Amino acid sequence: MAVRAQFENSNEVGVFSKLTNSYCLVAMGGSENFYSVFESELSDVVPVIHISIAGTRIIGRLTAGNRRGLLVPNSTTDQELQHIRNSLPESVAIQRIEERLSALGNVIACNDYVALVHPDLDRETEEIIADVLGVEVFRQTVADNVLVGSYCALSNQGGLVHPRTSVQDQDELSSLLQVPLVAGTVNRGSDVIGAGMVVNDWSAFAGIDTTSTELSVVESIFKLQDAHPSAIVGKMRDSLIDNYS
Amino acid sequence: MEYVPDTRQQLILCCECGTAIPPNPANMCVNCVRSIVDITEGIPKQATVHWCKNCERYLQPPITWMSCDLESRELLALCLKKLKGLVKVRLVDAGFIWTEPHSRRIKVKLTIQKEVFAATILQQTFEVEYVVASMMCPDCTRVMAQNTWRAKVQVRQKVDHQRTFFYLEQLILKHNAHQETINIVEVKGGLDFQYAHRAHAIKMVEFLGSTVPTRSKSSEQLISSDEHTATANFKFTYAVELIPICKDDLV
Chain A
1 MAVRAQFENS
11 NEVGVFSKLT
21 NSYCLVAMGG
31 SENFYSVFES
41 ELSDVVPVIH
51 ISIAGTRIIG
61 RLTAGNRRGL
71 LVPNSTTDQE
81 LQHIRNSLPE
91 SVAIQRIEER
101 LSALGNVIAC
111 NDYVALVHPD
121 LDRETEEIIA
131 DVLGVEVFRQ
141 TVADNVLVGS
151 YCALSNQGGL
161 VHPRTSVQDQ
171 DELSSLLQVP
181 LVAGTVNRGS
191 DVIGAGMVVN
201 DWSAFAGIDT
211 TSTELSVVES
221 IFKLQDAHPS
231 AIVGKMRDSL
241 IDNYS
Chain B
1001 MEYVPDTRQQ
1011 LILCCECGTA
1021 IPPNPANMCV
1031 NCVRSIVDIT
1041 EGIPKQATVH
1051 WCKNCERYLQ
1061 PPITWMSCDL
1071 ESRELLALCL
1081 KKLKGLVKVR
1091 LVDAGFIWTE
1101 PHSRRIKVKL
1111 TIQKEVFAAT
1121 ILQQTFEVEY
1131 VVASMMCPDC
1141 TRVMAQNTWR
1151 AKVQVRQKVD
1161 HQRTFFYLEQ
1171 LILKHNAHQE
1181 TINIVEVKGG
1191 LDFQYAHRAH
1201 AIKMVEFLGS
1211 TVPTRSKSSE
1221 QLISSDEHTA
1231 TANFKFTYAV
1241 ELIPICKDDL
1251 V
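Residue numbers (the working numbering), protein chains in the order written: chain A, 1 to 245; chain B, 1001 to 1251.
Since the hints were made in silico from the structure, they are not lab data. Treat the hints with care, as some may be off.
Stretches of chain B that chain A covers, calculated by requiring three or more beta carbons in the stretch to come under 8 angstroms of a beta carbon on chain A [what the hints assert, rightly or not]:
1) 1025–1035
2) 1182–1191
To list a few chain A residues with every Cβ distance to chain B over 12 angstroms, as calculated [stated by the list, open to error]:
3) Met1
4) Ser52
5) Asn86
6) Leu88
7) Glu90
8) Asp122
9) Val146
10) Asp169
11) Ala183
12) Gly189
13) Asp191
14) Thr210
15) Glu214
16) Leu215
A partial selection of chain B residues facing chain A, derived with a Cβ cut-off under 7 angstroms [to be verified]:
17) Gln1010
18) Leu1013
19) Ile1063
Computed from a predicted model, the values in this text were never measured in an experiment. Here a beta-carbon is modelled for each residue, glycine too, at the ideal position from N, C-alpha and C.
Let the hints inform the model, and build the full structure from the sequences given.
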């Protein structure tokens, strides 16, 4: 179900929240309306956790994660890290990364199987990502822009990329990520997709200015039409339950 | 195997109406952008142009009257100057649309470009209608009111035979000193030169003084005065008397 929300009159939902299949992080200090939108969709299934990173509220752009793990930048304080550790489910691993490009949400775009990273990311960071998140890592650009996390939104069912991504790039990315991709906009023509919305396998949240055309594109590419939490037990079980290794 | 580049134009959906469009900075189709933003906002769509019926000249504010043909370049410049909002946008094209001359309307078609949404330039064509209002220009008013001249030079010589006068006439013709004269009236004893401006009359008086010995007196007649602006309209008269002796006279 794609839903519209706003954080303190800002459409950029992806800046103030992070959504995965096993948890949802939201920034502190917003109005209760914002939280109630998330909790009405998610609270039965995944925990909705209020956090801050380095005392800031832009947690969506500073962190990267999927259902297996969460990566936080080196500016995260120990108390914040401890709070996150206490609140997240046991199955989720947390790692603080020393990385020059510390806005992890801008440089990493990932789902539960693959991750796209900034071409200049450190090798150690790449290995940590592959390790903690359990994904295959590809260094790529989106629409000739290195900030892959900002310009595309990714889930296990599909992906939405910057509107100026050429057909060739879309085909290439689609074959790397093994999901269908579409180029589009959110928040009434804004091309910063990753900051404008958050998505997981059964729900998506976009800014309040998102037009119904854009919302229908989101629902179709991420296959959200009939998705509600009970559906995950049947169809999307694999994406939520760990492999029996 | 040859590499054939994929040149398919990739399309996105317009965020307002959902039609497929190539991506642009606003990510909306042209019609949606036009319906939201109107770049012709500050520009008046109707204006007035003043025209004198007598001499068929158009008023170019504040005081110049210009004669130009219908659908001429000067008229176009005049019309465009009337539109205040035109300085803020970039004018690409301007032209006339034919109107019936008796309808007293002039239609101008304009194409302007303006920047909207930062990095998108929108171009729009629209029409402005000018109503031609008739207004009498000050020169025609003066003619109508028989208030034709503002300054007069009365040249007299009190003598029976006016040899100097004939000589003066030839001199004037030779030096073209009669250029700005509106009218020349012949009276008993001399000539009256009528001028539109006081400066021209003074120039004639100086010229006369340089050729023959003269005695001159000036006077003014009040036509109208405006107390609020403290201005007044006068008729200036310069009486120039030529010396009564001529060449070959016995003194």
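Check each numbered hint from earlier against the structure, then list the numbers of those it violates in ascending order. 2, 10, 11, 12, 13, 14, 15, 16, 19
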